[in-house]
Amino acid sequence: MDLTLAKEELVERFMRYVGIVSQSDASRTHVPTSEGQRELAKLLKAELEQMGARDVVLDEYACLTAHFPATAPGPHLGFCAHLDTVDVGLAPQIHPQIRVFTGEPIALGNGFVLDSAQYPVLSHFVGDDVVCTDGTSVLSADDKAALASIMTALAHLHEHPHPAITVAFVPDEEIGLRGAKALDLGRFQVDAAYTVDCEGESTIAYETFNAGQAIVEIQGVTAHPMSAKGVLVNPVLVAHDLIARFDRSQTPECTEGREGYIWVQGITGNQARCTVTLSIRDHDKARFEQRKAEIESAVADVSQQHPKAVITTTIADVYGNIADSLDSSNHWVIDDLRAAIRSVGREAVPLVMRGGTDGSYLSTQGIPTPNIFTGGFNFHSVHEFLPVSEFLASFQVIWALMTRREIS
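Residue numbers for the sequence shown follow UniProt numbering, beginning at 1 and rising by one.
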């Protein structure tokens, strides 16, 4: 494959895909949570059909699947990427710019600067074209760089022998993997799969958090302040007593690596009711279960402290650790990924991921699904950037996996 032409195609596709506004909306319950995601899925569907893909299906949830029958031996592989862009309160419209990084800070716009002093990894790309934001939004290399890489590879798949390939593009990954959970797995019957949703140079991730969410509802007792003594139960203060029971050293801002946490993610309330939302994270399954038990114990203690308050707790698992799905029978999916990265002159850099991907859910459903680097950095930020050389490297790895051959 001509890598110069591949690079041009990658950038062109990426620019086209980010032109479609596709932020997910956590306040909505129906999947997809935004029409932009469906619009993007329709575009991808048309492109897949033009490529000659079989069994192209776009369903009511904007989950898009397509199949490329085998022309050579090999395991049936899946590739998965998400349609949504994260909403972190920045502009939904994305206006990417391509700048040559000379080593000097890049003025993005809106008062923001991309500087290797703040982001040292940028210094690895002196002389490279870098796709960056205009300072008003994220870039959405997470995950439209993945869409561009997968689609570019599929567009050329007919030129080379390959095993069976099935792709799944799903919505609402950024708000709880909702699209992956809505995906009809009967349309994704693969031996193993790969998500492309990781940042960093040559990074792969097959260790993710076990994730859960606890919602604690507190109903207090209202009273007029002039006659409140001995009567009023303030649910906001009850929530305060609950939060105070958790270890402040085991929060996201105080932990790293494989250290888990309980994160007080949100609190809303008034004089009658209060809701506390807690995120539970741990790589170790036993410790994850202990953290859930810790929340239940804290709620029991606070209920005893405030017997007039009515406190209810709902705890649900969100996703699991990919590593728990791996064993000797399927570890080839990691070995093949390492070999693919080695075939493009690199070595894989394993990342203990302090988060999850659609693969975290798929792995719990019997489809081992490690994660591949996109080429992007600084996800969820105006400082998100995509060096074109790293973008191309991600594509090369995907191409090597699909064609089961080295790339020169």
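Treat the hints as calculated values from the structure; they're not laboratory data.
Do not rely on the hints blindly, as some may be mistaken.
[Said to hold, decoys possible] Below 30 Å or equal to it, Euclidean Cα-Cα: the simulated DSBU-like pairs (lysine-lysine) are:
hint, residue 1, residue 2
1, Lys-229, Lys-42
2, Lys-292, Lys-229
3, Lys-308, Lys-292
4, Lys-181, Lys-45
5, Lys-45, Lys-7
6, Lys-285, Lys-181
7, Lys-181, Lys-308
8, Lys-308, Lys-285
In this text the structure is predicted, and so the values were computed from the model without any measurement.
The hints, checked one at a time:
1. Our distance criterion of 30 Å between C-alpha atoms is broken by Lys-229 and Lys-42, whose separation comes to about 61 Å.
2. Distance check on the hinted pair: Lys-292 and Lys-229 sit about 35 Å apart at the alpha-carbon level, beyond 30 Å; violated.
3. Using a Cα cut-off of 30 Å, the hinted pair Lys-308 and Lys-292 holds, with the two alpha carbons roughly 24 Å apart.
4. Under the criterion of a C-alpha separation no larger than 30 Å, the hint pairing Lys-181 with Lys-45 is consistent with the structure, at around 20 Å.
5. For a cut-off of 30 Å, the pair hint linking Lys-45 to Lys-7 stands: about 22 Å separates their Cα positions.
6. Taking the CA atoms of Lys-285 and Lys-181, the gap is about 21 Å. The hint holds against a cut of 30 Å.
7. The suggested pairing of Lys-181 with Lys-308 is violated, with an alpha-carbon distance near 39 Å, which exceeds 30 Å.
8. For the given pair, Lys-308 sits about 35 Å from Lys-285 by alpha-carbon distance, which is inconsistent with the 30 Å threshold.
Checked against the numbered hints given earlier, this structure breaks hints 1, 2, 7 and 8; the rest are met.
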